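Asks: Fit chain B to the supplied structure of chain A, relying on the hints for placement.
Protein chains: 2
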Amino acid sequence: MNIESKLSTTSKNIKSSIIRELLKISDPAMISFGGGVPDPETFPREELAVIASEVVSKEYKFTLQYGTTEGDDVLKKQYIRLLEEHENIKDLNNDNLLITVGSQQALYLAGLTFLDEESYCGVTRPVYLAAASAFAQRNPKFISVNLSEKGIDTDYLESELIKLRERNELHKFKFMYVVTNFHNPAGITMPLDNRKKLIELAEKYDFIILEDDPYGALRFEGTKVPSIFSMNSERVIMLNTFSKILSPGMRIGVIIGNTQAIRRMAMAKQAVDLCCSPVTQRLTARFLERYDLFEQIKPTIELYKHKKDVFMKAMQDNLGDIKGVSWTKAEGGLFTWLTLPQQIDTMEMFEMAKKEKVLYIPGEAFFVDNPLKNTMRLSFCLPTEEQLVEGMKRLRRTIDKYCAAKGIKL
Amino acid sequence: MNIESKLSTTSKNIKSSIIRELLKISDPAMISFGGGVPDPETFPREELAVIASEVVSKEYKFTLQYGTTEGDDVLKKQYIRLLEEHENIKDLNNDNLLITVGSQQALYLAGLTFLDEESYCGVTRPVYLAAASAFAQRNPKFISVNLSEKGIDTDYLESELIKLRERNELHKFKFMYVVTNFHNPAGITMPLDNRKKLIELAEKYDFIILEDDPYGALRFEGTKVPSIFSMNSERVIMLNTFSKILSPGMRIGVIIGNTQAIRRMAMAKQAVDLCCSPVTQRLTARFLERYDLFEQIKPTIELYKHKKDVFMKAMQDNLGDIKGVSWTKAEGGLFTWLTLPQQIDTMEMFEMAKKEKVLYIPGEAFFVDNPLKNTMRLSFCLPTEEQLVEGMKRLRRTIDKYCAAKGIKL
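So the sequences go chain by chain: A and B.
Mapping the first sequence onto numbering that gives the first Met the number 0, position 371 (from 1) lands on 370, and the numbers just tick up by one.
Mapping the second sequence onto numbering that gives the first Met the number 0, position 280 (from 1) lands on 279, and the numbers just tick up by one.
Simulated from the structure, these hints should not be mistaken for lab results.
Keep in mind that a hint or two might mislead.
The list makes no distinction among identical chains, and a pair is therefore deemed to hold if it is satisfied within one copy or across any two copies.
Simulated pairs of lysine-lysine, PhoX-like, Cα-Cα distance not exceeding 25 Å [unchecked claim]:
#1 K60 with K304
#2 K405 with K203
#3 K312 with K89
#4 K400 with K203
#5 K312 with K322
#6 K60 with K297
#7 K140 with K11
#8 K57 with K196
#9 K171 with K392
#10 K60 with K356
#11 K223 with K149
#12 K297 with K57
#13 K11 with K400
#14 K60 with K89
#15 K149 with K57
Keep in mind that this is a model prediction, so the values were computed, not measured.
Here chain A stands alone, though its shape is the one from the complex (with noise of 0.2 Å):
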């Protein structure tokens, strides 16, 4: 039969991530800087050996079982003490907490509870592929505001809010979607008064704030900001994961937020996949009152700063004399956002990149309109401190043959 005739508009307009395809190629002379994936050696595998055959064994009557919606409880008491300790966040109960499959479920049940099709919803250029195609599941309309340094370009977003008043549209602005720490890809981190300015115009113009923090807690160096849900409850709400500061297995997420936006998360995620897993829940629930995760996590920190010193040494020595090339200084998380001399469109530069046998993600794949072709997203937390040096040398390889095959001069 054909299947596609079948298909609704939704899936007919879903591409297939091409990071995903790429953490497919398991050729073992690779080098990549593509995926954002955490060290698997960093995960405390032993600790949650004894945790999993424990909760199993001895709580199998709630880690065998259907769970309820919402999720574990003693997890999200455990996730409570970790915000109050390390964000200084208080007063939050059960019912300002939802669990999830990972980020990516966030994400994706903020789609369904906020966003119609005439809905929009603001995201920044670039942005975190996986969150626009999430939002994009929705098919609402993209505003795309730019982030660099100095974080988002908050006059443009109010340029951009003042014309949907002025069309009676700015009911339809449901949420601005920002990643707050270590952005991925950009590896920026929004500065306070950034922060404090997204607030105001979140006030003024009656939207959500949907922060996302994934790698908050991985800061190698420099002061940690405040996060904005910390400074405004009522209508931000953050989302959180384990999968860089535990384990990706555990597929547990973390959605924070006033009881009514969580309430309807919930239901939403009834109709989504009704649990998360028990199991996962509860392993993790344990492991964070038998151990000290922010302790657990510092060897892996100082493993990463040094690979990204590492990093950004050999990228300083193979690509600091390319004329108009910049590269952003990550204080933390797992990415730095390269971007090449204009005529370098990096995903036409993929082919060659990986006869080389370097991977990285062309930066095209993060925007949600006018994509700047010539950038890439690089993370150094994988390969080991030869890869990173020799995969460098392969980036530059490549960027000279494709430059002298298209005639540019570097």
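Replies: For chain B alone, kept in the frame of chain A given last:
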């Protein structure tokens, strides 16, 4: 802020499931025929605990990392073997399978992939509530087809299809959704000739059959009927789950279908939650490698059969004398469907039942239109034998009190 004003139309239309709400009642004096949840004592917890520890400590590079959206190949291999051995389904490969977060996500992905607002989808009367609510997220038009011990009313379905063809809308009819074995809530199994007739219609009018079979392995008596998928693997998409035969806490479902359909549903899953937990996927896979699942569940089936017999006798003893009462005789699964005299509204009677400390699911919940209000779903798998008998006495008391209060003569 006023969250209501920010909600999507879809979110505004979602109603919370009465079943999920019921599952939250935790009064130990209550006897519940409500939830369709398996008995946790039947789960192989010690075996699962040992394997859980092993897959986390030894296979951490897989289990604690992100997985592919399509699912764990080791699990797929085991599942393909089970389908060969127990369902006589041959020639499947990994691309015919997608692993999901239980059956609920499979249902949701089917809706997302095939339904638009202008689409039609066929469901039964009564219908599995959570399936209807998964499809309802897409806001399609439902065609509701009577289900009886003869199967679904294919004459009615065909008459509706002819109407659609006359209106030139036949291409908008995407799929017919059926639970083939021990239907939830009806307890009914579709006979072979009814299955064949449905395939005939699907071929003639070009639609997909969505065959949901969560209970098929739980047959107590009678003869197994071949799955619709085994008779037409091109046009049928089959949904399966480990929730009823291994443990719902794994949150592992499987979609089996032609490669095109599976690819489209995987692309939708990518946006919805990226991937299922590799921990519970690999745990399930290694369990299936090491143990004979169908041997393992034999005591469970014996237990359920025994409970069913006790329950059926208690029903006969307590309700048998009511004129106009009838119930379905399930040959497997977890449910029976009770029809009371027409004047009785089981939703209205529900508060009285709670006072008598017995719970059921009012039949009204299982219809997308024109509910039969004098029906209810009863599950016999979770209460003890004593509770089954005592619960049925309480149900009779509830009915008597309700009828007395309403002036209904039994």
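Asks: Given identical chains, is K400 near K203, meaning Cα to Cα at most 25 Å, within a copy, between copies, both, or neither?
Replies: neither (51 Å within a copy, 57 Å between copies)
Asks: At 25 Å max between alpha carbons, let me know whether K60 reaches K89 within a copy, between copies, both or neither.
Replies: Close neither inside one copy (32 Å) nor across copies (36 Å); limit 25 Å.
Asks: Classify it for me, K140 with K11: is the Cα-Cα distance of at most 25 Å met within a copy, between copies, both or neither?
Replies: This pair counts as both: shortest intra-copy Cα distance 18 Å, inter-copy 20 Å.
Asks: At most 25 Å between CA atoms: does that hold for K57 and K196 within a copy, between copies, both, or neither?
Replies: neither (50 Å within a copy, 49 Å between copies)
Asks: Can you give me the call for K405 and K203, within, between, both or neither, at a CA distance of at most 25 Å?
Replies: Cα proximity of K405 and K203: none, with 49 Å in one copy and 56 Å across.
Asks: Can you give me the call for K60 and K304, within, between, both or neither, at a CA distance of at most 25 Å?
Replies: between (42 Å within a copy, 22 Å between copies)
Asks: Between copies, within a copy, both or neither: which fits K11 and K400 at Cα up to 25 Å?
Replies: neither (37 Å within a copy, 55 Å between copies)
Asks: Is it within, between, both or neither when you check K312 against K322 at 25 Å Cα-Cα?
Replies: Within one copy only: 17 Å inside a chain, 86 Å across chains, cut-off 25 Å.
Asks: When no copy is specified for K297 and K57, does a C-alpha distance of 25 Å or less occur within a copy, between copies, both, or neither?
Replies: Close across copies (23 Å), not inside one copy (31 Å); limit 25 Å.
Asks: For K149 vs K57, is the C-alpha pair at or below 25 Å within one copy, between two copies, both, or neither?
Replies: For K149 and K57, the Cα distance exceeds 25 Å both inside one copy (51 Å) and across copies (45 Å).
Asks: 25 Å Cα cut-off: does K60 pair with K356 within a copy, between copies, both or neither?
Replies: Result: close only across copies, 23 Å inter versus 49 Å intra.
Asks: Between K312 and K89, at a C-alpha cutoff of 25 Å, which is it: within one copy, between copies, both, or neither?
Replies: Answer is neither; intra-copy 41 Å and inter-copy 56 Å both fail.
In this structure, the earlier hints numbered 2, 3, 4, 8, 9, 13, 14 and 15 are contradicted, and the remaining ones agree with it.
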